[in-house]
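Participant: As a plain string of letters, each chain reads:
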Amino acid sequence: GIQVEQSPPDLILQEGANSTLRCNFSDSVNNLQWFHQNPWGQLINLFYIPSGTKQNGRLSATTVATERYSLLYISSSQTTDSGVYFCAGGSQGNLIFGKGTKLSVKP
Amino acid sequence: DAGVTQSPTHLIKTRGQQVTLRCSPKSGHDTVSWYQQALGQGPQFIFQYYEEEERQRGNFPDRFSGHQFPNYSSELNVNALLLGDSALYLCASSLKVIEQYFGPGTRLTVT
Chain D
1 GIQVEQSPPD LILQEGANST LRCNFSDSVN NLQWFHQNPW GQLINLFYIP
51 SGTKQNGRLS ATTVATERYS LLYISSSQTT DSGVYFCAGG SQGNLIFGKG
101 TKLSVKP
Chain X
1001 DAGVTQSPTH LIKTRGQQVT LRCSPKSGHD TVSWYQQALG QGPQFIFQYY
1051 EEEERQRGNF PDRFSGHQFP NYSSELNVNA LLLGDSALYL CASSLKVIEQ
1101 YFGPGTRLTV T
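Chains as they are written, first to last, in our numbering: chain D, 1 to 107; chain X, 1001 to 1111.
It is possible that some hints are incorrect.
Pairs of lysine-lysine, PhoX-like flavour, derived with a Cα cap of 25 Å [as the list claims (entries may be wrong)]:
1) D:99 / D:54
2) X:1026 / D:54
3) D:54 / D:102
4) D:54 / X:1096
5) X:1096 / X:1026
Treat the hints as calculated values from the structure; they're not laboratory data.
Just chain X, with the same shape it has in the complex:
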């Protein structure tokens, strides 16, 4: 049974560019959540998708957007990248909002 997968593993972008991160949920899960983890901090909730709609959103600007596809996979898009967007981006999947399982993350570096 495959767990949560994320791609790419690492990414280096320049300020002002746009980036797309991808996530495939654990088999049988229908809900995907995205988190940002800065160095030395706990993960912070960005948003959650269920039935292809954004259901919950954390305190992140509109530069952060997402999408969920009919197969439950999801994308996180960040526009107009800032140096402060450098972080580990974690995707989690769950069945409805019960126990969340995390992927290995995408480490984004903005230079």
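Only chain D is shown next, with the shape it has when bound in the complex:
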């Protein structure tokens, strides 16, 4: 089955810094999403991005489908950005998740 690798596994930032999270897929996917999981376990949709580039405020994402990777950019990070970021994708309607990137933003 499809394998999803996320990097880095852990990231510590000072408030105001920028960061890039990466997600690699072992095979092609036709749906790809980025999520932020809050401390209570709720998965919050960030982007649905099977290809191309999207931006939403301080967050943006780029997926290069032909090379099977996606990037999530966080600019001017805030303490509220802390949590675990997951990418997930699939080819048959299900989502295969990576192990996540745990982000801690220090004030």
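Given the coordinates of chain D, assemble chain X onto it according to the supplied hints.
Facilitator: The following block gives chain X in isolation, referenced to the frame of chain D:
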């Protein structure tokens, strides 16, 4: 517009018992998927329901079963509970298989 809802929020069961978790999809969605998330891991796909039929299934034993009702809501049943079934169970809904939206989850503890 109500999002995905799940009940109950928390549940404690004993080994060998059976449990039923419930999910109501986001308005306008017709597909429901279930995921299991163990502590410190990413969610794992259990199965997906569309038009009241199981369409996709992950690598989970037959102890895990489900149902989708005509109003698109869904249930996840787990029989003969094991300690290893303790996890956060997440329900996601979507229109067909496009972008999935997740509910707040049910935290199951098996003692």
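Participant: So, against the hints stated earlier in the document, which numbers end up violated here?
Facilitator: No numbers; nothing is violated.
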